[in-house]
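Protein chains: 2
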Amino acid sequence: MRIVVQKYGGSSVATPERIKNVAQRVKRKVDEGYKVLVVVSAMGKTTDNLIKLAREVSPKPDTRELDMLLATGEQISAALLAMALKDLGVRAKSFNAFQVRIRTTEEHTAARIVDIDDGVIFENLKDHDVLVVTGFQGVNEKGDLTTLGRGGSDTTAVALAAKLKVPCEIYSDVDGIYTCDPRIHPNAKKLKYITYDEALELTALGAKVLHSRSVEIAKKYNIPIYCASSFNEEEGTLVVERLPEWLEEPVVTGATISHGQIKVTVSYLPKDANLLTAIFNEVAKRLVNIDMISLVPSNGDLFLSFTILEDHREDLEKALQEALKGVEGWKSSYQGGFAKLSIVGVGMRTSPGVAARFFEALKRVGITPELVTTSEIKISCLVPEEKAEEALKEVIKEFEL
Amino acid sequence: MRIVVQKYGGSSVATPERIKNVAQRVKRKVDEGYKVLVVVSAMGKTTDNLIKLAREVSPKPDTRELDMLLATGEQISAALLAMALKDLGVRAKSFNAFQVRIRTTEEHTAARIVDIDDGVIFENLKDHDVLVVTGFQGVNEKGDLTTLGRGGSDTTAVALAAKLKVPCEIYSDVDGIYTCDPRIHPNAKKLKYITYDEALELTALGAKVLHSRSVEIAKKYNIPIYCASSFNEEEGTLVVERLPEWLEEPVVTGATISHGQIKVTVSYLPKDANLLTAIFNEVAKRLVNIDMISLVPSNGDLFLSFTILEDHREDLEKALQEALKGVEGWKSSYQGGFAKLSIVGVGMRTSPGVAARFFEALKRVGITPELVTTSEIKISCLVPEEKAEEALKEVIKEFEL
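If you read the sequences in order, they're chains A and B.
With our numbering as the guide, the letters of the first sequence map in order to residues 166 to 566.
With our numbering as the guide, the letters of the second sequence map in order to residues 166 to 566.
These are calculated hints, taken from the structure and not from any lab test.
Note that the Cβ used here is the ideal one computed from N, Cα and C, for glycine as well.
Among these hints, one or two may not hold up.
Label pairs and their calculated CB-CB ranges [unchecked claim]:
id: 1; chain 1: B; residue 1: K291; chain 2: A; residue 2: K483; range: 25 to 33 Å
id: 2; chain 1: B; residue 1: R348; chain 2: A; residue 2: D213; range: 30 to 38 Å
id: 3; chain 1: A; residue 1: H424; chain 2: B; residue 2: N214; range: 33 to 41 Å
id: 4; chain 1: A; residue 1: A449; chain 2: B; residue 2: D283; range: 34 to 42 Å
id: 5; chain 1: B; residue 1: K210; chain 2: A; residue 2: E271; range: 45 to 53 Å
Derived lysine-lysine pairs resembling DSSO-like cross-links, with alpha carbons at most 30 Å apart [said to hold, decoys possible]:
id: 6; chain 1: B; residue 1: K217; chain 2: A; residue 2: K185
id: 7; chain 1: B; residue 1: K210; chain 2: A; residue 2: K225
id: 8; chain 1: A; residue 1: K251; chain 2: B; residue 2: K194
id: 9; chain 1: B; residue 1: K428; chain 2: B; residue 2: K385
id: 10; chain 1: A; residue 1: K291; chain 2: A; residue 2: K330
id: 11; chain 1: A; residue 1: K251; chain 2: B; residue 2: K483
id: 12; chain 1: B; residue 1: K194; chain 2: B; residue 2: K330
With the hints as constraints, model all of the structure from the sequences given.
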């Protein structure tokens, strides 16, 4: 039995017409002799609209109930796609998280998949060719519905593929992974291959390529992910452990911008490791993501800088107040209007001088880097929002992306 | 532990504002010392919109998938109401059909509740004051979602009340049960009490009072149902087994019209009981409701007349073709433009002459009854659509409704 997992994103199932189009694509795969597990996202803006609705009822919706609410979005598209498939004569059936027993961890709005019941899947594949599964959601130990966070349907798809040890195809409105955002940079090059590590850095940096958790799982179980468009037949990008040997490794594979960054500086902190732990604990408790952390000692005090997204400012201030209760003299300041510009590439490991070329390119457009963080295969730099696109263009030119 | 079941209909939860209003009402009941099981319908026109969406994907949506789709409507309102309750400091939690294990029979779009897991309910009532349960839906033996048919949330509520042996309150945009439709007849009288049998006849006859299955269950388990408005505090109607003794039994309790009737006549049927059985079996298989059956023998043949709703014409014709395969000479004819006018009242049993007064009233507006059916507490008559309202007015006058 040849099985494949296919995932279709929100814009691919945004209208009845598009759902019927997806049904045709799935049917073609069935006609090729495959059993297909289809994972679907909610239609178009459904999730956003449900969140809006929740906010009209409650200023800060209870997260358990929010998950209960949001999970309906994928159930709608799964049911509709199964209808469309049956109309094409395909033996199809839809499943929600309860039915296919997608077990997750406890935490609402950001749960992680623990297991999926492949017994249910194999049982149903006996007399069905397509099982349509709701993405983005699961059920925790308490029997409550959970969701996996933005883009979580990718993770559902890859987790299913990993469980069944079959390949995974992810379809969206973008026909692959590019060196930079093709909607902004028409000269962006599509990559035929990208490694898990590079894809991870790119997604973590804000490129809306794949949900980062999905890449983690794919890497762990070595599941190849094929990313392509559901709107055309163009060749997409294959995400793999290692590039094929015949392929010359580019030094830099991609460049990306993450907008809406706020730079936070906490000044005059006493030099006390306990305080830092307290800060990071309180921040984590409130699910605030902080990034680009930099710590500078000065005259016996510490100056801590990092970035957060605009939405998290209020929660962060509460975390600081809580962590630094009783501490005197510290000050926090917030500076908005920043973007994070990053370059990624496994080739960096073996090519010295990449950072120099990166900063040189920034200098050419008049940017002096302030916060900088690096990993083995990535350099990120905080730049003023109004110069971000210009800087990205210069970087793209420098590395011929 | 004092427990009550409250059900809120679609218009009562149609907007975020109304959901918050319902939350306030539920909270008041909690403040009085009750544990409340709230059953909710889908918001406003949600179910209709989902059906429309399904039809855009498939001309005749698969019913299993349709149920999967429609079940999302109540999950949305349940989650939102639980959010609103939590904001008021009420310990509340929402449940879908999987979570509270509402088991139903197999058939999609018209399933019947078989059982509800009161273990889950009592367990959760330990640390919650309000459990919000999705109405209208259940899960069958196969683990598929089912729905209970239009108005099925009433049935969920009464079934819950029956299971727990507690009273049931049903809130909608109508503040009780009236002698006739108050939206059309401003002089309609609200009933303080009505018997299960009368309510059953009224709902079966098209008065949108209560889902008939819900009244059947209430009657079987002797659960009083209180019907009132969620928009005001006016006293509603109590549906009970027997009227209080001090209350004088009116002869006729209510009058109602059911529109959109088609009269079907099957002529020149051979006098053969097997054929009739075949017809009714084929009709039942296609879930076509036929009503007002009348059978007239003539010259060795049979003439069979009955009514159906306009939507069912195509299915009915298929049923006839199938049942009468090989039979020659029969003909079917369809005549639209009819309404069914009915009067109901337990007093009819003991008051002769009600039928005479009914037909006399119809005669006064120039109607000669064609199809007529009666039960112990009901008389129905097929009348031309364009004269239906006038006839109803005359009947209301005759019986002082």
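A quick look at each hint next to the structure:
Evaluation of the 25 to 33 Å hint for K291 of chain B and K483 of chain A yields a pass: the beta carbon distance comes to about 32 Å. Distance hint check for R348 of chain B and D213 of chain A: the Cβ-Cβ separation is about 37 Å, which falls inside the suggested range of 30 to 38 Å. Evaluation of the 33 to 41 Å hint for H424 of chain A and N214 of chain B yields a pass: the beta carbon distance comes to about 35 Å. Taking the beta carbon of each, A449 of chain A and D283 of chain B are about 40 Å apart, inside 34 to 42 Å as hinted.
Between K210 of chain B and E271 of chain A the CB atoms are about 36 Å apart, so this pair departs from the stated range of 45 to 53 Å. A hinted pair counts as satisfied when its Cα atoms are at most 30 Å apart, and K217 of chain B with K185 of chain A qualifies at roughly 15 Å. This hinted pair checks out: K210 of chain B and K225 of chain A have alpha carbons roughly 26 Å apart, not beyond 30 Å. With a C-alpha separation of about 47 Å, the suggested pairing of K251 of chain A with K194 of chain B is violated against the 30 Å cut-off.
Between K428 of chain B and K385 of chain B the alpha-carbon distance is near 33 Å, which puts this suggested pair outside the 30 Å criterion. Note on K291 of chain A and K330 of chain A: the hinted pairing holds, with a Cα-Cα distance of about 18 Å set against a maximum of 30 Å. Only pairs whose Cα atoms come within 30 Å are accepted, and K251 of chain A paired with K483 of chain B is accepted, the gap being roughly 22 Å. Distance hint between K194 of chain B and K330 of chain B is fulfilled; the C-alpha atoms sit about 18 Å from each other, no more than 30 Å.
When held up to the earlier numbered hints, the structure conflicts with 5, 8 and 9 and fits the remainder.
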